[in-house]
Structures are given as C-alpha cells and as structure tokens.
Amino acid sequence: MILYGLLILAYAFLYVPIVVMIVFSFNASRLVTVWGGFSTKWYGELLHDEKVLDAAWLSLKVAMTSATVSTVLGTLAAVVLVRFTRFFGRTLFTGMVTAPLVMPEVITGLALLLLFVAMEAVVGWPSGRSFTTIVIAHTTFSLSFVTVVVRSRLSQMDASLEEAAMDLGARPLKVFLAITLPLIAPALLAGWLLAFTLSIDDVVISAFVSGPGATPLPIVIFSKVRLGVSPEINALATLVVTVVAVAMAIAGRVALKREQPRPQ
Amino acid sequence: MASQTTAAPWNDPGAKPLIRFEGVSKRFGDFVAVDQVDLAIHKGEFFSLLGASGCGKTTLLRMLAGFETPTEGRIFIDGVDMSAVPPYERPVNMMFQSYALFPHMTVEANIAFGLKQDRLPQPVITDRTKAVLDLVQMGKFATRKPHQLSGGQRQRVALARALAKEPKVLLLDEPLGALDKKLREATQLELVNIQDRVGVTFVMVTHDQEEAMTMSSRIGVMNSGRIAQVGTPVDIYEYPESRFVADFIGAANMFEASVRQSGTDQVVVNCPELAHDLIIAHNDMLPEGTPVTVMVRPEKVAISRDKPAEGLNWAQGVVADIAYLGDVSIFHVRLESGHRIEALQTNLRHTDERKLTWEDPVYLSWHPANALVLTK
Amino acid sequence: MMDRLGTGRLGRFLVGLPPYAWLALFFLVPFLIVLKISLSEPSAGAPPYLPLWDWDETGALAFHLTLGNYATLFGDELYAFAYLNSIRIAGIATLGCLLIGYPAAYAIARAPTAWRQSLLLLVALPFWTSFLIRVYAWIGILKSEGMLNALLLWLGVISEPLQILQTDLAVIIGMTYSYLPFMVLPLYANLEKMDLTLLEAAADLGCRPFKAFVAVTLPLSMPGIVAGSLLVFIPAVGEFVIPDLLGGPDTLMIGKVLWAEFFDNRDWPVASAVAIAMLVLLVAPIMIIQNARTKAEEAGK
Chain A
1 MILYGLLILA
11 YAFLYVPIVV
21 MIVFSFNASR
31 LVTVWGGFST
41 KWYGELLHDE
51 KVLDAAWLSL
61 KVAMTSATVS
71 TVLGTLAAVV
81 LVRFTRFFGR
91 TLFTGMVTAP
101 LVMPEVITGL
111 ALLLLFVAME
121 AVVGWPSGRS
131 FTTIVIAHTT
141 FSLSFVTVVV
151 RSRLSQMDAS
161 LEEAAMDLGA
171 RPLKVFLAIT
181 LPLIAPALLA
191 GWLLAFTLSI
201 DDVVISAFVS
211 GPGATPLPIV
221 IFSKVRLGVS
231 PEINALATLV
241 VTVVAVAMAI
251 AGRVALKREQ
261 PRPQ
Chain B
1 MASQTTAAPW
11 NDPGAKPLIR
21 FEGVSKRFGD
31 FVAVDQVDLA
41 IHKGEFFSLL
51 GASGCGKTTL
61 LRMLAGFETP
71 TEGRIFIDGV
81 DMSAVPPYER
91 PVNMMFQSYA
101 LFPHMTVEAN
111 IAFGLKQDRL
121 PQPVITDRTK
131 AVLDLVQMGK
141 FATRKPHQLS
151 GGQRQRVALA
161 RALAKEPKVL
171 LLDEPLGALD
181 KKLREATQLE
191 LVNIQDRVGV
201 TFVMVTHDQE
211 EAMTMSSRIG
221 VMNSGRIAQV
231 GTPVDIYEYP
241 ESRFVADFIG
251 AANMFEASVR
261 QSGTDQVVVN
271 CPELAHDLII
281 AHNDMLPEGT
291 PVTVMVRPEK
301 VAISRDKPAE
311 GLNWAQGVVA
321 DIAYLGDVSI
331 FHVRLESGHR
341 IEALQTNLRH
351 TDERKLTWED
361 PVYLSWHPAN
371 ALVLTK
Chain C
1 MMDRLGTGRL
11 GRFLVGLPPY
21 AWLALFFLVP
31 FLIVLKISLS
41 EPSAGAPPYL
51 PLWDWDETGA
61 LAFHLTLGNY
71 ATLFGDELYA
81 FAYLNSIRIA
91 GIATLGCLLI
101 GYPAAYAIAR
111 APTAWRQSLL
121 LLVALPFWTS
131 FLIRVYAWIG
141 ILKSEGMLNA
151 LLLWLGVISE
161 PLQILQTDLA
171 VIIGMTYSYL
181 PFMVLPLYAN
191 LEKMDLTLLE
201 AAADLGCRPF
211 KAFVAVTLPL
221 SMPGIVAGSL
231 LVFIPAVGEF
241 VIPDLLGGPD
251 TLMIGKVLWA
261 EFFDNRDWPV
271 ASAVAIAMLV
281 LLVAPIMIIQ
291 NARTKAEEAG
301 K
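Top to bottom, those sequences are chains A, B and C.
Read in the UniProt record's numbering, the first sequence has 261 at position 261, and its numbers run on one by one without any break.
Read in the UniProt record's numbering, the second sequence has 230 at position 230, and its numbers run on one by one without any break.
Read in the UniProt record's numbering, the third sequence has 175 at position 175, and its numbers run on one by one without any break.
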C-alpha cells in the first residue's frame, strides 16, 4: 500500500508540472499564478508567430533528415559491431560509437562548430551555419543511440536464421535484405523515433551549429524562456504534449493489435 | 530400417564416398574443437555423429555446411573440394536445432525461399513446395506463420524446407531435441521413412544414443574433437573398440585385468576384483601380462541362486540394490572384493515365486563370447 | 577470409566505411581541432584565435604554442569549483532519482502484469515530450510568485515566499525531474526479472519482509541501480540548460562555464581548454567505469 502511494507520488511529480502548464495555456491573464479566465488567445498568437512557425518547420525537416541518416549509419555500425568480430581499428570504432553517449553536449557542440569553421576556412564548405550543419551535428550524436538500439536487437536475433537463409542459397546481401532487415525493423523504427526526438528536442548542440538563417524551434523557445515565463510557450508545450500523447496512443494500439492474433 | 534397406558400401573398398573429411581440424583460439578427423560417408547413408556436448560434432557439421572454415584439412562433397565454396553454393541443406524458421514468412514462403534463390520458375516452386509439404503432412498449414504452429509442426516444416532444394546431403542438428519423449520416438521412425523415400544422404548430430541407434546406418562416436569409433549401431554397441565407447554407449560392467594366457580364439585373464580367472573370446594374440579391461553388458549377465554351469564365467556376491523399471529390473550385486556388477533381468512374469531380494547371495554368470577384452 | 556471414572483404569494407568515415570526420577530427585551438593564443579577430603555426617574414616556420589557456584553468579557482560543483549537484540529483525511482520501479514490477506496460509507458511518456519545455514548467512553479510558494503561503507553512528559483536546489529538482525516467526504466528491467521464489525462500527461512528486501532484493538489484545512476549522472554532470534556466548566477556548473567562455566571452581557446579538461577529468573516467561495468557484466553471464 505504501508502495503504491509512493508510485502515485512519483507520477504526480512527473505530471503535475505538465498539467499546470496545460491549464495555464488557457489562462487569459499573462500572470502564471492568477487565473484570468479561459482563453485560447495564446494559441492564436502562437499560430501567427512567423518566427515560431519557421523554426518549427525547420526543426521538423532537420529531425526527419537526421533521424533517417543516423538510422542508416547507426544500423551499419551495429552490423559492424555485432557481426564483424575482427577488423582494423575495431577499438577506435567502438570508442567512436560509444563516446557520444557519454559526451556532454556542450563539448560535442563546440567541437562540431570548430570543425565547421575550420572546414569553411580550408575547403569553403559548409558556408555558414545552416540546415546542413545542424543535420550533420544531430546525425553524429543520434547515430550512437540508434546503434545501441539496433545492436541489442541484432545480438538477440537467432543467428541460425541468417545461416538458414544462406544455407538455402541466399547471398549475404540477400540474407540481409530478406531476413535480417525485416526482423530488426522494429528496432530501426525505435531507433528512428529516438533519433527524431533527440534532434527535435536538442538545444545545446543546435545553439553551437545553428545560425541566424537557420534557427530550430528549441533555440527560439530557449531565447524566449530565458526572458521569463510566457503563456505562448505554455500553449506550444500543450500542443507538443498533445501530439506526443496521441502518437503514443496510436503506437500502443498498433502494437497491441499486432500481438493479439496469436493462438496458443 | 535404414540399416536393413541399405547395402553396406562402407565395406566395399572400391566404393567412392559422397562426403570425405581429410585430416580436418578446427581451432578456436587455443581450443581444439575438431582434431584431425578423417571420415567417409556414402551416398544414401543415415550417418549420425554422436557425442557429449562440446565434443566437436556440431562444429564438424557446421564445417560441412560451410559456416565454419577448417583450420586444417579438406572436405570433399561428391569429389569437389569445398574449401572455397560458400554456404550458399554448397549442395547441402541443413535442418537447424532451433529450426530457424523465418518468423516473418508463412510456412509456404519459408519453403519457397530456397527455391527462389535458385531462380526456378514460379510453377515449379509452387509444385515443389506443395510436394514437400505433403511429404511431411503439413499441406493444411501452408498459410500459417511459424508462431502459429506447435513444436512438432515446426519441426516438420524445417525438414520440408531443407528437403525442398533436393540437396545431395541433408544435415540435421539435433533435429528432435526440442520435442517431448513420445513425439520424439514417433518422429524418429518417420524421419527414417522419409529418408528412405527421398533417398537423400542424411548426416545427423545428436547427443541421444538411443536416437542414433534407432535411426542410423552408421554412427561416428566423437570424443574431445576426435572420432572414437565409426560403425553400425550393432558394431558400436556389441563391439566397442575402446573403454570410452563401451562406457559411453549403454551400460557396461568393466574390470581391470591382465592377460595370463592368449590363444587363437580366446584369452584367459586374471582379474584382481574376481576370485578366479576369466575366459573371453578374442581373436588377436596378446602378450602375457598385458593390462586390459574386461567389458560385459548387464543384459548379458545372468543372475541365479544356483551355481552356473561349467564353461561360463561366473562370480559370487550379494544383492546390494534393485532398480525395478517395470519391464526390466537391474540388480546391483556386490562382490567380495567390494566391486559391483550390474545384471539386467527381464520381468517375464507378473509375480516371481523365487523373487530375489536385498542381501540374497547370488551367482552371476556370462558366456565367454558375450564379454570383450579392451586394450584401448 | 570469410566470416560467419560469408561476406567477403569488399562487402565488409563497404558496410563499415560509411559509419567509420562519418564518425572519424565528424567526431574524431573535431576533437583534434579542439585540442589544437586549446593550445592557441586568443585574438580579437575572426576566428578569435591565432594559428598554431605560420611562416614569419624570413620564410621560416614558426610555432605559437601556448599552455596559457590551461594555466588560466588551473590558476582560477572558479573552474575547479565549477567542476566539483557539477559533480556534487549531479550526484545529489542522481540520489534524488534513486529515492523516487526505486519505489516506483519496484511498485511497477510488482503490479499486475496487465498494468505494467501502461504504467511503464506513463513513466516514459514525459521523455518523449520536449525536455526544454519540462524544465521551463518548473520556472512557473518555483519562482517566488510561483505555484509552489503560493500553495505554501496559502497553507500557512511559510509566511513569506521562499527563494528557490536561481538556487542549486532548483537545479537539483529540475535534474531529478528531467532524468527520473532514465532511473526507473533500467531499475524496472532489473526488478522485473527477479525470481520471486527467492523472497519466498527467504520468508521460508524466517526472514521478515523488510529484512528480505534488504538482504535479497536490494543486492540483486545493484546492477539496475548502477545502470540507472550512470544514465542519470552522465548527462546531468555536463548539463547546461537546467542550470542556465533554473540556477542563479552563482550556480556554477562546468557546462555553463564552457558556454559562457564561448558565447559570452568569445574566448574560443579557453572554451576549448575547458572542453579538453572535461574530456580528461570527466568523460574519460566515466568511459573507463562504463567499460569495466560492461566487461564485468559479460563475465558474469
């Protein structure tokens, strides 16, 4: 009983701030503690804020692109780590794949920015901070997370499935496409979603590698938030929470439906 | 069974074996999994590799399939050196211990998978898929997914999938290991029947000696990476060539002894555990004093209250333990020296008036032809 | 040579090259550049540092290597304080996550099977919403005229507003809140696997429930505790956003210091030196601990 009490407290801790934010997004008053009546005007203001809308669109594009690229690269890296036991520079490779997981974001951000600056000076590319630089930066750190997810799925997979396919005459590439890939697809999806979330949520690395021409949403929010509480942000937060909750509910339904038709 | 319907090409020195291992070794780092194996398997055989876990039998099978490369030696299938041939180009197919059915494909698609790799025309694929499914009586389940099948059904699909490509050799890795006892026994005979019908050479890995005895034309007994003995089930059981094989296959009573007198068809040995000398049929001359092991199977030992007839080997002791197994009883008889001998008696009658019980003094006896002298 | 998959050398090369090249170019090389700049002298121009080497008027190669930036780091107590304070704050936040997360994970692991997935999803859900927004939510709660103070005043617990925002406490609360799911998930995975007959055996041998928890459950959940703690501590210690938004001007954390050197002072060489120092004093030890832990886990299997 005490245990469940503690569990409820933990959920309260997790959800009260979010609920408060949602409630106050409908507050007519600008003050956080004073209820000035129900209003949706902050949503209206939000939807007319060009800067926010542009930033959201950029963030979405960056997140989709970097999630896709890092899923491809991360899957290849996972295959290398699980399947190729011995090759030149394996220790270095393992280190490079795992290091971003423990690297403070400020360091990754700084290092990438300095790289971009140096590259621009030497080869003239990338010119300035742009969509490209943000995508490269996000791909680099989310790649490792994808690798972790895919790697664990890959190493749990019954290795004799691949052997069976090869035994039946399929060449390695065919084995990968016809057997391995469909079987690790859930991990790829999970990895993609994780990479997407990491990208769309990232403040610190983006702060280093974005520029005046390309400002992702978290940077816009961050600069607004630094100036103090704003009901517009509450409205934005509510929208984000709603989208995520709906997406999770749908994903949950799909997962349930998939599992159900399983006699015995 | 297979051993009856097949001739014995392994006794014909002119016969060309289908599979040949020549000095094959496999090392994983410092560990020697397979050690200098020479082996010939003939067309149409049902050959079993039998041994405890870690004896190298699975590694040997995997080298045949092409999943492992021998560290030394060569493997030939139908006269072709397999060294440079990748698994997907070898004329062998494997039935995996875990069955390895592709979980995302239907039964049909699983079976068609191998045929599609050969780019066969669709009608051929359809026909062949249907034919092998009927062969294993799984025609009704063609559109199911593997997780909708029982263990026995999966086993059949795995067999059908491996047979669909009509390989020269079918490899079976513990094919019945995941089935329960009843189903396993039924499936053993069925596998042999299927093999008879399709005429494919089967090479099976198993740790279950009963399974190997029931199904095989010949058995290769393996021990720490080496082949300890190759022979028909009868050879292996009745004429083991070493203590290891005698001990590994079935139950055996063994005594240490030394040769006292050696003749053309029998030897007389002195055995410290027994009160008197033993006479055992043996064809080779052995120098006097050679240390040997005498082996006699429990079912070849008769147990009685009365002194056995002249000409038999015998020993005297008391009943120390009785294991009643229903069909048979195993008597553990303690000799004066403290050595124990097992004797197996079939329970022919419901009740036995002269039933033996604990601490009864008894005689044990066996015919000289029913014991063996082992020198290895 | 063929490996288990039967792919030849060329196939393996083609599979390995893209991630290898990507990481080498965008992860390894940048650190070499950081190292290089940390040894350069600052300048007022753009870029705000001098080249490490150039050709002087006579055409000879001249190096301008300086350890001055590192001297600054070790000469000014501010940096050492920020480093230790980061470890302290991240440590307390980790403890906070453990105190809240352990009972929660335990309760979920012992809840009816049908509920577990949903309960777990509820823990993970906040992770998928914006981190920044969740930190921001606490500003409204913690500030002097915020929700918490209003509530406490109304309850009569305090007579005037507490200053919580812009203190270390606010940073600790924010971190505990943000990283709680990272603690609960590995703990749950560990506790859920536990063989409940062990507790029955302990009870059978005369152990009371609490004693059984301390003697059996707790030691067996140690791997989960370690895994969760690392997952919380590692991102917390280099954190920038939380101390920046919830902490005050004297809440010094190393991530914030690097940020300030780079963006506010435009001192790239010192920022680089801070990064290198963090790598050596923070990231390297963490990687060593992580490696030892994975090795120990693999050996234990």
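Derived from the structure by calculation, the hints contain no laboratory data.
The structure presented is a predicted model; accordingly, all values stated were derived computationally and were not measured.
Any given hint could turn out to be false.
[Claimed, not checked] Simulated crosslink set (DSS-like; lysine-lysine; CA at most 27 Å straight-line): (1) B:LYS130 - B:LYS168; (2) B:LYS145 - A:LYS41; (3) B:LYS145 - B:LYS181; (4) B:LYS140 - B:LYS116; (5) A:LYS174 - B:LYS130; (6) B:LYS181 - A:LYS174; (7) B:LYS182 - B:LYS145; (8) B:LYS182 - A:LYS174; (9) C:LYS193 - C:LYS211.
Going through the hints against the structure:
no., hint, result
1, B:LYS130 - B:LYS168, "holds (20 Å)"
2, B:LYS145 - A:LYS41, "violated (54 Å)"
3, B:LYS145 - B:LYS181, "holds (25 Å)"
4, B:LYS140 - B:LYS116, "holds (22 Å)"
5, A:LYS174 - B:LYS130, "holds (24 Å)"
6, B:LYS181 - A:LYS174, "violated (38 Å)"
7, B:LYS182 - B:LYS145, "holds (25 Å)"
8, B:LYS182 - A:LYS174, "violated (39 Å)"
9, C:LYS193 - C:LYS211, "holds (20 Å)"
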